[in-house]
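Since the structure of chain A is already known, use the hints to place chain B on it.
Quick note, the sequences are listed as chains A and B, same order.
Sequential numbering from 0 applies to the first sequence in numbering that gives the first Met the number 0.
Sequential numbering from 0 applies to the second sequence in numbering that gives the first Met the number 0.
In case anyone wonders, no lab produced these hints; they're calculated from the structure.
Check the hints yourself; a few may be wrong.
[Unchecked claim] In the DSBU-like style, the derived pairs of lysine-lysine whose C-alpha atoms are separated by at most 35 Å in a straight line are:
(1) B:K632 with A:K15
(2) B:K554 with B:K536
(3) A:K53 with A:K125
(4) B:K559 with B:K665
(5) B:K559 with B:K569
(6) B:K792 with B:K665
(7) B:K632 with A:K80
(8) A:K15 with B:K451
(9) B:K451 with A:K16
(10) A:K53 with A:K80
(11) B:K536 with B:K582
(12) B:K458 with B:K482
(13) A:K15 with A:K110
(14) B:K569 with B:K554
(15) A:K15 with B:K458
(16) B:K632 with B:K559
(17) B:K458 with A:K16
(18) A:K80 with A:K117
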Amino acid sequence: MNYVPGTASLIDDIDKKHLVLLRDGRTLIGYLRSIDQFANLVFHQTVERIHVGKKFGDIPRGIFIVRGENVVLLGEIDMDKPCDTVLQQVSIEEILEEQRLQQQAKQETDKVKMQALKDRGLSIPKADNLDEY
Amino acid sequence: MFRFQSLDEDCTLEEEDEGLVEDEDEIDQFNDDTFGAGAIDDDWQEEHKRLAGLEDKDGLGAELALGGGGMGGESDLGAAQTSTSTHLHSAGHAPLSSLKFSLSSSELPSDVDDRGGGDLAESLARLILEADPAIAGVGAAERPGPSPSSSRSSLSALQGLNRPGVPAQPSSIPHPIQPHQHPQHPQHELPPGPSASGLPPGPPLSSMLSYQQQQHLLRRGTAPMAQDSPLMSIIKEVGLPKRPPQSRNDEVRDLSERVPPPRSSSPVIGSPPVRAVPIGTPPKQPMSHALNHQIHHPTAVHVRAPVQHRYPPPFPERVSPNTLLNIANSPLCRGPFPPGVGTVLSQIQHAQLLNSQVAGFPRGGPGPPLLPVGSGFRPFFGGPPPPLGHRMGPPPHGHLNHTPPIRHNTTHLHPQHRRMLTQRMQSRGGDRGRTGGDRRSRDPYSNLMTQKEKEWVTKIQMMQLQSTDPYLDDYYYQNYYEKMEKRQDRESDSSKKEYTTKLITPQVAKVEHTYRPVQFAGSLGKLTVSSVNNPRKMIDAVVTTRTDDEEKREKQVWNKRRQILYTVEKMYSMLLEVQDFEKRFVQAPEEDREALLERHKTNTTQLCNSLREKEWDNRVNDEQCVMIMSVRKGKRLISRLLPFLPSPQAAAVVMAISRNLPALAKKDKQDQVLCWLVEPVSAVIQSLSSSTLTDLLQELQGSEGQLATVLHNKFGVTLLYLILSEGERMQSTDPNCQLMDDNRWTELVFSVTRELLSVPSSSLSPPLFMPPNLLSLFSRYVDRQRLDLLQDKLQ
Chain A
0 MNYVPGTASL
10 IDDIDKKHLV
20 LLRDGRTLIG
30 YLRSIDQFAN
40 LVFHQTVERI
50 HVGKKFGDIP
60 RGIFIVRGEN
70 VVLLGEIDMD
80 KPCDTVLQQV
90 SIEEILEEQR
100 LQQQAKQETD
110 KVKMQALKDR
120 GLSIPKADNL
130 DEY
Chain B
0 MFRFQSLDED
10 CTLEEEDEGL
20 VEDEDEIDQF
30 NDDTFGAGAI
40 DDDWQEEHKR
50 LAGLEDKDGL
60 GAELALGGGG
70 MGGESDLGAA
80 QTSTSTHLHS
90 AGHAPLSSLK
100 FSLSSSELPS
110 DVDDRGGGDL
120 AESLARLILE
130 ADPAIAGVGA
140 AERPGPSPSS
150 SRSSLSALQG
160 LNRPGVPAQP
170 SSIPHPIQPH
180 QHPQHPQHEL
190 PPGPSASGLP
200 PGPPLSSMLS
210 YQQQQHLLRR
220 GTAPMAQDSP
230 LMSIIKEVGL
240 PKRPPQSRND
250 EVRDLSERVP
260 PPRSSSPVIG
270 SPPVRAVPIG
280 TPPKQPMSHA
290 LNHQIHHPTA
300 VHVRAPVQHR
310 YPPPFPERVS
320 PNTLLNIANS
330 PLCRGPFPPG
340 VGTVLSQIQH
350 AQLLNSQVAG
360 FPRGGPGPPL
370 LPVGSGFRPF
380 FGGPPPPLGH
390 RMGPPPHGHL
400 NHTPPIRHNT
410 THLHPQHRRM
420 LTQRMQSRGG
430 DRGRTGGDRR
440 SRDPYSNLMT
450 QKEKEWVTKI
460 QMMQLQSTDP
470 YLDDYYYQNY
480 YEKMEKRQDR
490 ESDSSKKEYT
500 TKLITPQVAK
510 VEHTYRPVQF
520 AGSLGKLTVS
530 SVNNPRKMID
540 AVVTTRTDDE
550 EKREKQVWNK
560 RRQILYTVEK
570 MYSMLLEVQD
580 FEKRFVQAPE
590 EDREALLERH
600 KTNTTQLCNS
610 LREKEWDNRV
620 NDEQCVMIMS
630 VRKGKRLISR
640 LLPFLPSPQA
650 AAVVMAISRN
660 LPALAKKDKQ
670 DQVLCWLVEP
680 VSAVIQSLSS
690 STLTDLLQEL
700 QGSEGQLATV
710 LHNKFGVTLL
720 YLILSEGERM
730 QSTDPNCQLM
740 DDNRWTELVF
750 SVTRELLSVP
760 SSSLSPPLFM
770 PPNLLSLFSR
780 YVDRQRLDLL
790 QDKLQ
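With the rest of the complex left out, here is chain A (with noise of 0.2 Å):
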């Protein structure tokens, strides 16, 4: 029953398995149970779900509490929908694994990026992504 038709209420979504997106680039996956004003959401038997490349892996976090500034986009997940036919879960270490070797990769090709930008006196200053000040 929507309590505010013509709008979009996260009260509908309760109890339902949804994806979330945080600022932070985690992915989670879990009940909501419970909502606020501020769509703080309450996940329940959550899991952070990391992918590097095909891979996959779960790692199962409890409950959550997120706050609602945090979350980039969420969506409900079809229950009777196959789900990862293209992605491969593996076990947490293997995907922790991978995406250490990810961050590292990715490091390795900023530090040459900046060193090649540096030797041509440029440089690009960096995003800063926080709100702190």
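Same frame as chain A, but now just chain B:
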């Protein structure tokens, strides 16, 4: 208008039902404790000291003994008496279990001395107590003392308790906990009958009970207690200190307390509970006491076997699924059960597993937990609920070999999660065929958010949509919506009358919620009172807003009046100078007189000019005159000015006056000072020529009906009479008066007489003075009869 509640109040201080007061019982309980039967006239400070002191000493020992006395669970650690303890079953085998209990408890005295695994026992005891709501709140009063003797006595007490409970159990399996526990309570109180034995258990008791438990005790009320034991009263009076801090047991303890503890952190005697609930507070959930307390205050040293929870038939809404699962959870699936046994293990096994996890005890057996059957519990995605009674016996073992050890750099997982993780990996391809609806119907965690809470959130969202001017606040939405509706009307055929639900946003009338501080009327300045609602203003300026039109009009009026006043002032100052000229002239020395004279001349001319329409024209600016005369001071001014004006101009002024007499009379209603003008006007009249006089009379008569108004006004009547009397004088004195030359004068007089006769006496205003020669005037023109009438009127 779609509103949930009245939304305009910011503070809900007055809302009694939203406060922390849960129901009448609690209030009465407090009241009772403070003033009523519950209050004991002891020196509570002494009591508290004693209890606190004792608690420090015996805290540990008490808990150990507690653990020992509770379940015999201590023995499990040594694994020596596993057989005994594991024979304890759930409610289905209650009589058996009770007997076993007595057995194990009889072995207790030896165990009590075995303090080897003291800490472990303590933790174990805690786990058990917390995990099992069956113990909750029941044995709160029963804490055996540190000494074995007292423990023995308490044991015997417990045994004594147990036995009466035994026959009741088989019949009571399907019933919820409550009826079991309550009958037990009075019996709990009885053993520590005399105060001497009652007090020693007090301190350990107090040490073990958390605030919640204490609350539970209090809430139970005095009713179930057969006697008002000193122990309980002391507890109620003093309040129990908090449970000593948990060290490593927090992670294991799975108290899912969805209901937050009561807010007050002070004991019963202390500050009153906070009532104010700000609007951001979610609705308070009603608690059903018994059920909640049983679940959330697992404390007792209760020997009885657990009874319930295996198949909670109607799912109580507020029962935490976690708790239920913990109760029902049997971590040991490799226990020595026959497969037919229910999946619910007793607390012992539960404690065993948990303890093993805590202690890092390597177990060959522990596989994934056996999930309870009654609920469609799906701990993690992809993990299906196992079929009834199904055991994952072999697979865990197989998997154990190649289940990789969990890395250190992964976050520290909850042991249950670890279990779930491994279990999930095994049972991956499980049951996915179940529909979402089916799943939801058996989801024990559904409806964690109550209807009330949903409505509360929606209410807040609706409040945010309130708007006094929707087209101002949300122009694009309004337009879009209108377009959509039009399109829908066009597209939908008229036959099907389906209306999609529309959101009607609340439209609130704009209400000024300004808080105005107290002001005293007629006092200078304001009280300097500043509060949160009324912060001190930097600049205390009062803004009066008026609409543009009104403002313009008002402004115009004011401007005009101001201008008139200004003109009057200026003229007055000039006039005063002119009037003072004589005096000054006399006093001034010879050389200055010239200058003075000059100045006088300019002044007079200026004065004259101010009244004139144009500089050369003798005609007086009517409007100006009337304007000036509309002000009281202006009339005064004119009356003083007239003597100084040159005679043509003076005559013109008098003409203007008589011409506009009705208007002037109207304006003068408030002031009633037109009569100031009589003297100067009469002086002017007397200097008039006959033709001018006639003109004047004509002016006075003016348009139709003016004469009536004139007669109504005192000044008008006086003026009229003055004119007439002057005319008469002219005629009588000067034989070759030109007054009769044209018929105007005669006609005018005739009209005057007519008017005088027609006008009723009441509306004829008495003049300031009556010139004597009027009658003779009238006698010239009217016959005897009318003359007599006139005479009457004029008297």
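Taking the earlier hints as the rules, which of them does this structure contradict?
1, 7, 11, 13, 18
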